[in-house]
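*Asks:* Residue numbers (the working numbering), protein chains in the order written: chain W, 1 to 631; chain Z, 1 to 166; chain R, 1 to 110.
Hints may be right or wrong, so weigh each one.
Sample of chain R residues at the chain W side, in silico, Cβ under 7 Å [to be verified]: (1) Leu-87; (2) Asp-94; (3) Asp-101.
Taking CB as the label site, the calculated pair distances span [what the hints assert, rightly or not]: (4) R:Leu-99 <-> W:Ser-593: 17 to 25 Å; (5) Z:Gly-90 <-> W:Ala-592: 47 to 55 Å; (6) R:Leu-96 <-> Z:Gly-157: 13 to 21 Å; (7) R:Glu-89 <-> Z:Gly-90: 18 to 26 Å; (8) W:Ala-592 <-> Z:Leu-100: 35 to 43 Å; (9) W:Gln-603 <-> Z:Ala-65: 53 to 61 Å; (10) Z:Gly-157 <-> W:Gly-597: 37 to 45 Å; (11) W:Ala-585 <-> R:Leu-96: 35 to 43 Å; (12) R:Leu-99 <-> Z:Ile-126: 47 to 55 Å; (13) Z:Phe-144 <-> W:Arg-600: 42 to 50 Å.
Simulated from the structure, these hints should not be mistaken for laboratory data.
In this text, all values refer to a predicted model and were calculated from it rather than measured experimentally.
We treat Cβ as the ideally placed atom computed from N, Cα and C, and that holds for glycine.
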Amino acid sequence: MTHLAWLLPALPAFAAVVGLFLGTRTAGGPAVPAIAGTAGAFVVSLLVLASAEGSPATLHESVVTWTPIGGRTLNVGTRVDGLVAVVAVMVCVVALLVQVYSTAYMAGDPRYSTYAAEVSLFTAAMLLVVVASNLFELLIGWELMGLCSYLLIGHYWQTEGARAAAVKAFVTTRFGDAAFVIGIIVLGVHAGSFDLDRVLAAPAITRRYADYLPPVHDHVALIAALLLLGGVVGKSAQFPLHVWLPDAMAGPTPISALIHAATMVAAGIFVVARLYPVFVAAPASLTVLGIIACITMLGAALFALAEDDLKRVLAWSTVSQLAYMAAGLAVRGWTAGVYHLLTHAAFKALLFLAAGSVLRTVGTNLMSQMGGLRRAMPVTTVTAIVGAATLAGLPPFAGAVSKDGILDAAHERGGGLGTTVYVAGLITVAVTSAYVTRFVLRTFFGEYRGASGEARPRLHESPLVMTMPLVLLAAASVVLGEPLVAHNWHIARWLNAPIGTAALHVGAGGVALSTAIVVLAAGTVYALWRRDPAADPAAVLGRARGPLAAGFGIDALYDRILVRPLQGLADAVLRVDDSGLDAAAEGSGATASGLGGALRRLQNGNIQAYASGLVIAVIALVVGVSLAVAR
Amino acid sequence: MTLADVVFGLLGVVCLAAAILVVTSRHVIHAALWLVVCFGALAGCYLVLTAELVAWVQVLIYIGAVVVLMLFGAMLTRAPVGAVQQLDSGNRPVAAVAGLATAGVLGTLVVAAFRGAYVDIHHTAIGDGKVIGTSLFRFFVLPFEVASVLLLAALVGAIVLTKREA
Amino acid sequence: MHLSMALLLSALLFGVGVYGVLARRNAIALLMAVELMLNAANLDLVAFDAWFKDTMHAGQVFALFVVVVAAAEVGVGLAIVLAVFRLRETVAVDELRQLADVDPPVRADT
Numbered sequence: 001m002t003h004l005a006w007l008l009p010a011l012p013a014f015a016a017v018v019g020l021f022l023g024t025r026t027a028g029g030p031a032v033p034a035i036a037g038t039a040g041a042f043v044v045s046l047l048v049l050a051s052a053e054g055s056p057a058t059l060h061e062s063v064v065t066w067t068p069i070g071g072r073t074l075n076v077g078t079r080v081d082g083l084v085a086v087v088a089v090m091v092c093v094v095a096l097l098v099q100v101y102s103t104a105y106m107a108g109d110p111r112y113s114t115y116a117a118e119v120s121l122f123t124a125a126m127l128l129v130v131v132a133s134n135l136f137e138l139l140i141g142w143e144l145m146g147l148c149s150y151l152l153i154g155h156y157w158q159t160e161g162a163r164a165a166a167v168k169a170f171v172t173t174r175f176g177d178a179a180f181v182i183g184i185i186v187l188g189v190h191a192g193s194f195d196l197d198r199v200l201a202a203p204a205i206t207r208r209y210a211d212y213l214p215p216v217h218d219h220v221a222l223i224a225a226l227l228l229l230g231g232v233v234g235k236s237a238q239f240p241l242h243v244w245l246p247d248a249m250a251g252p253t254p255i256s257a258l259i260h261a262a263t264m265v266a267a268g269i270f271v272v273a274r275l276y277p278v279f280v281a282a283p284a285s286l287t288v289l290g291i292i293a294c295i296t297m298l299g300a301a302l303f304a305l306a307e308d309d310l311k312r313v314l315a316w317s318t319v320s321q322l323a324y325m326a327a328g329l330a331v332r333g334w335t336a337g338v339y340h341l342l343t344h345a346a347f348k349a350l351l352f353l354a355a356g357s358v359l360r361t362v363g364t365n366l367m368s369q370m371g372g373l374r375r376a377m378p379v380t381t382v383t384a385i386v387g388a389a390t391l392a393g394l395p396p397f398a399g400a401v402s403k404d405g406i407l408d409a410a411h412e413r414g415g416g417l418g419t420t421v422y423v424a425g426l427i428t429v430a431v432t433s434a435y436v437t438r439f440v441l442r443t444f445f446g447e448y449r450g451a452s453g454e455a456r457p458r459l460h461e462s463p464l465v466m467t468m469p470l471v472l473l474a475a476a477s478v479v480l481g482e483p484l485v486a487h488n489w490h491i492a493r494w495l496n497a498p499i500g501t502a503a504l505h506v507g508a509g510g511v512a513l514s515t516a517i518v519v520l521a522a523g524t525v526y527a528l529w530r531r532d533p534a535a536d537p538a539a540v541l542g543r544a545r546g547p548l549a550a551g552f553g554i555d556a557l558y559d560r561i562l563v564r565p566l567q568g569l570a571d572a573v574l575r576v577d578d579s580g581l582d583a584a585a586e587g588s589g590a591t592a593s594g595l596g597g598a599l600r601r602l603q604n605g606n607i608q609a610y611a612s613g614l615v616i617a618v619i620a621l622v623v624g625v626s627l628a629v630a631r
Numbered sequence: 001m002t003l004a005d006v007v008f009g010l011l012g013v014v015c016l017a018a019a020i021l022v023v024t025s026r027h028v029i030h031a032a033l034w035l036v037v038c039f040g041a042l043a044g045c046y047l048v049l050t051a052e053l054v055a056w057v058q059v060l061i062y063i064g065a066v067v068v069l070m071l072f073g074a075m076l077t078r079a080p081v082g083a084v085q086q087l088d089s090g091n092r093p094v095a096a097v098a099g100l101a102t103a104g105v106l107g108t109l110v111v112a113a114f115r116g117a118y119v120d121i122h123h124t125a126i127g128d129g130k131v132i133g134t135s136l137f138r139f140f141v142l143p144f145e146v147a148s149v150l151l152l153a154a155l156v157g158a159i160v161l162t163k164r165e166a
Numbered sequence: 001m002h003l004s005m006a007l008l009l010s011a012l013l014f015g016v017g018v019y020g021v022l023a024r025r026n027a028i029a030l031l032m033a034v035e036l037m038l039n040a041a042n043l044d045l046v047a048f049d050a051w052f053k054d055t056m057h058a059g060q061v062f063a064l065f066v067v068v069v070a071a072a073e074v075g076v077g078l079a080i081v082l083a084v085f086r087l088r089e090t091v092a093v094d095e096l097r098q099l100a101d102v103d104p105p106v107r108a109d110t
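Bound conformation, chain W alone:
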């Protein structure tokens, strides 16, 4: 069935086109083509998984040769293995749930048809990245995702915040993408082809498994890996390109669930997992990735602790969790890292959709204006608590398996990198548990702190169309935690983990330690909260809170050293264009008019002037002719 894999990007893309042009005219509205396309892709992904699962390391390539411009031919096709199949299912599930959820969340939005089409297009792009058989296909999907992200973040383009956030997201990821493209070209040129098989079998990549090779190949893997990391850091919002993700929360909440939790930001991690042999061939790149991950996971968790905006807390949480996945991959815990990608998709999408449910009811993003919602919104509360517990890493929920798997892999790896990741990971567990508890308590418990009297919104549970996805994702968060008990080794087989990476293994000791940390941190926050349910437990951070809430001023720094000089340059170019080029063009017109005006003075209406000119000209002619003739 893997030959059906091409349908995975094709169906949502077709739905996007149909929805864009016919959306408002379909009976049932623009949601119909969108949901139909995504549901179709979901079914296909299940079929693909069924046939790809169980056969270790097999790949199925359907190839169509394409010669775009004279010279190189490009083999367009799909390359399906276990990783691809599992991730495809994950993407389709989340996309489908988001589309269903959006029918209620975005009801009444005048641009809903465009929105649904863009979400379909985005799903198609992500699936293209997943099933791509060569690097150019991957790049096309990558860039399409960036475009859709820009369009969707800027969905409320009438607000300044959304416009700015969309541009910021696009430009920041662009920085990374520039390096990414060069990395792909390096790999392709070295391998002589852009097909993934050929690239991964190229001498510079496989040398760890082969014998001596000429030294010129030594650095190709490192250069390519570092360049690819640029794109990963941009797309997955790691330090130092993490600044766009919290601002991207200006987009609609279902988008945050789909793009900025489950899929697009995970694409960077996916690429690292897919091209893992490249990184393994250059261990320095994995060290770099690990260090970036440690900085990011801790920093982002601390920022989440200080934020008041609900969605921004979740955004920083995403950044931190992505760093977890990156750290897992950095310490050769390939299976653990990928598994965390899957579980994160489930619980983060759940948390974002629950947040959307809350936001839609309460009308504000700020946690200081919420509280006591558990009575009015029971389903949302329960599912959100499940999501929070998964995020914190409490067993038996899925988060425990993947997180402890990563910590275990780090511990096993040892050495400088492994120990750093382990320690940073443990500290982050504590901080994560703290901010998650704070989030739950501030939003759902205590008393409602928002507007009262006439301005008080009617607190009610969201419609079934919105709560059903929440329940399904909560169930997933539980089910994915199952392997804790017996089946963890299945996952490694399913995913076709590369040779030489650690299996997903969770020791009882590790679980106990991290659970203890989680409970301790949560308990501390709960105790702080109990003292004054209306106040913010983060106030205990005291003066540290300010810089944390401002993200250590990295945004301001970027603004000063990058944005303002670039804007100044753009203004200068504009001025040169206005006063230089435009002025030259307009000046030529003005000069022509001026010359005409000067000539016009001959026509002054004075007939004596005309007659004088006539007489003198005639005399001159006569004299001239006679002199010429006389010669």
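With chain W held as given, fit chains Z and R onto it using these hints.
*Replies:* This is chains Z and R only, laid out in the frame that chain W set:
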């Protein structure tokens, strides 16, 4: 240097001087009167050249009609009676250049071409009334008729141009 | 007598006439200068007629015609000057400038 030369020369000087005064005088009426002098001298020149009829026609028509007409025109257009500073327009320098150039070119041309030419006034047919009249009505009847039509047209035109709306 | 004397006088008269046409401000004075030019041409015609000893006297006949035309021209010219004077209260030729090339007037409703 015959007597004819001398007489013609004197008359020419008078004519020229009068002409210059016509174009430089600051009184319009004075200019018209100097024009009379100029035309009179020219009539004398014609007489020296044995063109009698032309000379008397010159006196009759030019001095008797044209100048009178101009005086009428000057009076009807309220020409200033006294001296006028601005009787010359600002075009004077250019006009002087043009005039000098014209005179220079034409004068050089004719002198260079006809330096040795000599009019024998004793052996030409004197242009009196009988001779000119015969020639006119024998050889130039058609232009004569056309000229009369032209005069009629000018008459009608002048009346139409100056007719006041009733 | 020398032909060139007559021709020279004619040429000088013509130059004076040209100066008068181009320099005078009053329309009547301008017409006077035009008359000078016509007379210069007349003198030329008569002088050549005498030099050629023309029995048909074409030169003198045409001089007569020139006189006729000059008279007609003066009549019409003065009529025009009168009409202009009635319209504009002036006969200064450098104040009659409607032939000048100027920008079209800006309409009030644009």
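*Asks:* Compare the structure with each hint and give your call.
*Replies:* Taking the hints in turn, this is what the structure says about them:
Contact between R:Leu-87 and chain W, as hinted, is not supported at the beta carbon level, the nearest pair being about 15 Å apart and thus beyond 7 Å. Against a cut-off of 7 Å between C-beta atoms, the interface hint on R:Asp-94 holds, since the closest Cβ of chain W lies about 5 Å away. With 7 Å as the threshold, the beta carbon of R:Asp-101 comes within range of chain W, its nearest partner Cβ sitting at about 4 Å, so the hint holds. About 21 Å separates the C-beta atoms of R:Leu-99 and W:Ser-593, a value consistent with the hinted range of 17 to 25 Å.
Between Z:Gly-90 and W:Ala-592 the C-beta distance comes to about 30 Å, which lies outside the given range of 47 to 55 Å. Take R:Leu-96 and Z:Gly-157: their Cβ atoms lie about 20 Å apart, and the range 13 to 21 Å holds. Look at R:Glu-89 against Z:Gly-90: about 21 Å separates their beta carbons, and that is inside 18 to 26 Å. Distance hint check for W:Ala-592 and Z:Leu-100: the Cβ-Cβ separation is about 38 Å, which falls inside the suggested range of 35 to 43 Å.
Checked against the given bound of 53 to 61 Å, the beta carbons of W:Gln-603 and Z:Ala-65, roughly 37 Å apart, lie outside it. Between Z:Gly-157 and W:Gly-597 the C-beta distance comes to about 39 Å, which sits within the given range of 37 to 45 Å. At roughly 41 Å, the beta carbons of W:Ala-585 and R:Leu-96 sit within the given window of 35 to 43 Å. At about 49 Å, the beta-carbon gap between R:Leu-99 and Z:Ile-126 stays in the expected band of 47 to 55 Å.
Range check, Z:Phe-144 to W:Arg-600: about 47 Å between beta-carbon atoms, so the 42 to 50 Å window is met.
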